[in-house]
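*Asks:* Chain residues, written in single-letter form:
Number of protein chains: 2
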Amino acid sequence: MTITITAFERSPDGGKGLARDTRVRWALEEVGQPYQVRLVSFAAMKAPAHLALHPFGQIPTYEEDDLALFETGAIVLHIGERHAGLLPADANGRSRAISWMFAAVNTVEPPILELVTARILEADKPWSKERMPLVEERVRARLAQLSARLGDADWLDGTFSAGDLMMVSVLLRLRASGLLDAYPNLAAYVARGEARPAYQRAFAAQLAVNIGHQGKPG
Amino acid sequence: MTITITAFERSPDGGKGLARDTRVRWALEEVGQPYQVRLVSFAAMKAPAHLALHPFGQIPTYEEDDLALFETGAIVLHIGERHAGLLPADANGRSRAISWMFAAVNTVEPPILELVTARILEADKPWSKERMPLVEERVRARLAQLSARLGDADWLDGTFSAGDLMMVSVLLRLRASGLLDAYPNLAAYVARGEARPAYQRAFAAQLAVNIGHQGKPG
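Residue numbers (our numbering), protein chains in the order written: chain A, 29 to 246; chain B, 29 to 246.
Bear in mind the hints are in silico, worked out from the structure with no lab data behind them. Take these hints with a grain of salt, some might be off.
What the hints assert, rightly or not - Chain B is nowhere near these chain A residues, computed Cβ spacing over 10 Å in every case:
#1 Val-59
#2 Gly-85
#3 Ala-102
#4 His-106
#5 Ser-127
#6 Met-129
#7 Lys-153
#8 Leu-162
#9 Val-218
#10 Gly-221
#11 Glu-222
#12 Ala-233
What the hints assert, rightly or not - In the DSS-like style, the derived pairs of lysine-lysine whose C-alpha atoms are separated by at most 27 Å in a straight line are:
#13 B:Lys-157 x A:Lys-153
#14 A:Lys-44 x A:Lys-74
#15 B:Lys-44 x B:Lys-74
#16 B:Lys-44 x A:Lys-157
We put the CB at the ideal spot given by N, CA and C, even for glycine.
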């Protein structure tokens, strides 16, 4: 079985690990599955060949024999179902870990994406400064709830799971904003995720792609 | 086995079916599982007893024997894994249906939620009118891609699945905006979902709760 994923030829973040292929690389590293990477340019992402794999013209995609998947959450879940290391063995624990995967992408990530949009895509708009506190407050509301639930535990529900992988990945997007600093247990939780050898390997692999472009004309 | 879900005592939409318990009711109706509903007030949703079930103080939750779940996507997936009717029998088709579930909540719904926020929570802000075209354009970009992929098919990937249940539910939030009207195949897709007997039963059940409050003081 050969696994092939797609990633940005040049990531918009320059290799900070925020592109979503890092989440899939991390999952594959946690379960010890080798994989190949096909790099795609922004132009190629919107071309028919890639759209056949990913209807929304994004990365990552996942190919394994005659199966093609898109959406990071679905890919990480697929990997967790096929290989040990990302989901608890008992059925109830597994369903709860999947609750946290969906919570990461559907409850915690949307206000964070809105903050990223406000900071980057709407930074030059006349309303940018006045609107920012509203957007930040929506993120803080979620962080406060997540912080209260995590308490002094290492992971969200027992041992490390795909739910933690997704949640840590989502929270990493907040680093530039400084919003995480007000919640020391969440900052420590993110650091715990980053310290995992599998994350380190995934981060290094995506960085190597992007370092290759440094100093070259865009 | 007794299944108990939670729903708003009084839904903010007054019974239009947009509260997320409708998605879970729909899934349970598709697989023919009876369920009980515990209604919660806005105050109760933020109290410790409910936060123990749902860390973000929302509805729906799902209880079944000693299992407690939150997050609509995870609950619908759990139902689909335990009962026939929501996920294809073959492993690859099942993984692809899950791709569409995540696409619904993580790629299509976030810009729609941003539009709802802009139309409701930021309607009285000085930037509201000038910013709205930007927000609408982000929704249209996703709708155009989804419309291109759906083409003239009835459902997103073969027969009706939990992926369609989630995608139709997400698109239903756009009805008030009129944005769906520009994509006749998506409008027909949503209508096809609403026409399913299981959806009709789910809609009627949530409406009955909210009709009970009509004319009573809030």
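*Asks:* Is it the case that Gly-85 of chain A keeps its Cβ farther than 10 Å from each residue Cβ in chain B?
*Replies:* The claim breaks: Gly-85 of chain A does not keep its Cβ more than 10 Å from every Cβ of chain B (closest is about 7 Å).
*Asks:* Any Cβ of chain B at or closer than 10 Å to Ala-233 of chain A, or is the non-interface label fine?
*Replies:* Correct as stated: the minimum Cβ-Cβ distance to chain B is 23 Å, above 10 Å.
*Asks:* In terms of Cβ atoms, is chain B entirely out of 10 Å range of Val-59 of chain A?
*Replies:* It holds; Val-59 of chain A is separated from chain B by about 16 Å at its closest Cβ, greater than 10 Å.
*Asks:* For the pair supplied as a hint, Lys-44 of chain B and Lys-74 of chain B, confirm whether the alpha-carbon distance does not exceed 27 Å.
*Replies:* Holds, because 23 Å separates the two Cα atoms, which is no more than 27 Å.
*Asks:* Does Lys-44 of chain A pair with Lys-74 of chain A here, judged by a C-alpha cut-off of 27 Å?
*Replies:* holds, 23 Å
*Asks:* The output says Val-218 of chain A does not contact chain B. Does that hold with a beta carbon cutoff of 10 Å?
*Replies:* holds, 17 Å
*Asks:* Just double-check Lys-153 of chain A for me: nearest Cβ-Cβ distance to chain B has to come out over 10 Å.
*Replies:* Given a closest Cβ separation of 7 Å, the condition is violated.
*Asks:* Hinted pair, alpha-carbon criterion (27 Å max): Lys-44 of chain B, Lys-157 of chain A. Please report holds or violated.
*Replies:* violated, 35 Å
*Asks:* Test the statement that Ser-127 of chain A is away from the interface with chain B: the closest C-beta pair must be farther apart than 10 Å.
*Replies:* With a cut-off of 10 Å, Ser-127 of chain A comes too close to chain B, as the shortest Cβ separation is near 4 Å.
*Asks:* Checking the smallest CB distance to chain B, is Ala-102 of chain A really beyond 10 Å?
*Replies:* Check fails; 4 Å does not lie beyond 10 Å.
*Asks:* Any Cβ of chain B at or closer than 10 Å to Leu-162 of chain A, or is the non-interface label fine?
*Replies:* Leu-162 of chain A not clear of chain B: closest Cβ-Cβ about 7 Å, inside 10 Å.
*Asks:* Non-interface claim for Met-129 of chain A: all C-beta distances to chain B beyond 10 Å?
*Replies:* Check fails; 7 Å does not lie beyond 10 Å.
Against the hints set out earlier in the document, violations occur for numbers 2, 3, 4, 5, 6, 7, 8 and 16.
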